[in-house]
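Participant: Read off the chains here:
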Amino acid sequence: MRDRAELVIIGGGIVGLSLAYQLARMGMTDVVVLEQGYLCFGASGRNGGGVRQQWSTEENILLAKQSVRMFRQLSREIGHNIWFRQGGYLFLARNAETAAALEKTVKLQNRMGVGTRIISPAAAARLVAGLHTEGIEACSYNSSDGVLFPWPAVWGMASVARQLGVQINTHTRVTGIDVKGREVVKVVTDRGAVATRRVVNAAGAWSWQIARMAGVELPNKPYRHEILVTEPLKPFLEPMLSDLSNGMYFSQTMRGEILGGISDPDEPSSMETGSSFRFLARMCSSMIRLLPRLSRVKILRQWAGYYDETPDGQPILGRVEPLDGFIQLNGFGGHGFMLAPAIGKIAAEWILRKVDHRIFHTYALSRFKHGETRKENFVIG
Amino acid sequence: MGRTIVCRCEDVTVEDLNQAFSEGYRDLESLKRYTGFSTGFCQGKCCTAHAARFLSALKGGDDTVADPIRTRPLLHPTPASHFARAVELLDEESK
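Sequence lines, in order, name chains A and B. To convert, note that position 69 of the first sequence is 69 in this note's numbering; the numbers rise steadily by one, no gaps. To convert, note that position 47 of the second sequence is 47 in this note's numbering; the numbers rise steadily by one, no gaps.
In case anyone wonders, no lab produced these hints; they're calculated from the structure. Beta carbons: idealized from backbone N, C-alpha and C, even for Gly. A few of these clues could be false.
[Stated by the list, open to error] Beta-carbon label-pair distances, calculated as ranges: (1) A:Ser269 with B:Leu90: 18 to 26 angstroms; (2) A:Arg212 with B:Gly24: 43 to 51 angstroms; (3) A:Phe236 with B:His82: 20 to 28 angstroms; (4) B:Asn18 with A:Arg4: 29 to 37 angstroms; (5) A:Arg94 with B:Gly24: 42 to 50 angstroms; (6) B:Arg70 with A:Lys375: 31 to 39 angstroms; (7) B:Gly24 with A:Arg374: 39 to 47 angstroms.
Produce the entire structure from the sequences given, and follow the hints as far as they go.
Facilitator: This is the structure:
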């Protein structure tokens, strides 16, 4: 392992790798990535691969729009097929209040050049054969949202970054961060130390622990999020479906499987990734209510990953007081993967070329101290 | 020379394992993801032991690769409706 680097990225998930990949392409390769497990060990290897532009804040809409554009090119760029399929996203509201909220967010998305539409339950049933529309008030539909297979995106970005000279160390656990005054000087791991002046905390569910090593307290909390996959079926389901009444979502992958999860308001914060029967029952029941023809489809496997959640559902990006050179790229909840291409690009330009961006102000850690938070209402799962 | 199949569900061969190993995927969890063995209909019951054996040989008999991969439910593919009915039991439990 290199013993010094211009920049150390803690976390070999999609956010850290996207940054490493972009920096390397811009010519900065004196970068070391530290990953505690294997590639795809954390949430980047455990999520459902949903990519949507239907968000309720300007920043998330901008980031998602840019990321969709980048995902369309990514397979070619990295030489790994990410199986990105733009079948759209269909959100379903079961009461007037949710329908009104949906209408408001669609207006904002339209203002920002995202072509989401409010459609009737009958129109939704034309998009999804067999959709049980009873009790559904309104739907929003965006045809350019989509799904992808997360793993090849992780491998491909890692492989290009490596070829260009970035060092990615898997199975390397960070045990400490040495700080002198206002400066970071060293990252210590169970395989040796790396001297550096700049450290990026892209550790997802572990971000709060990493920050604490440098004396910084983050409000992030990890939550388990469970997910399941069925046997593969002949392609029949175009859009991702998401029921806003209980945070359930599912889509059909390019392999033909139905893949999805559901929110659980009773899930406590933990580092647990076990599988529960409770999830299996709630997910199957909710899935069948929406699409009764799935009732005889066989469930193959369930697993779990983390949401790295902040109090306002928005990430923590950029500098933290009082440390120079300790950069946060975390707190993405369940939507880090889909925003990662844009985040990596914007952060690389900011680090290398000092190009400022509004997200480093809106999403700075200091917003919690100053009470300048604006909640993202469209966090699902 | 014929192909040697390690995982019949996902059509993974010994050559696939060799290729993944040469690209640096050298632990069982990584190898599983990179080649796709153990993600098909049998959920790894037919292939995981074979893959572990080949990986062990590639590592020169190093038995640290004998670490099992994390197994997940279900034991056998089961229709969604079987579990959907259980949601009423959960509701009663929480009352």
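Participant: If any of the earlier hints don't hold here, list their numbers in rising order.
Facilitator: Violated: hint 2 alone.
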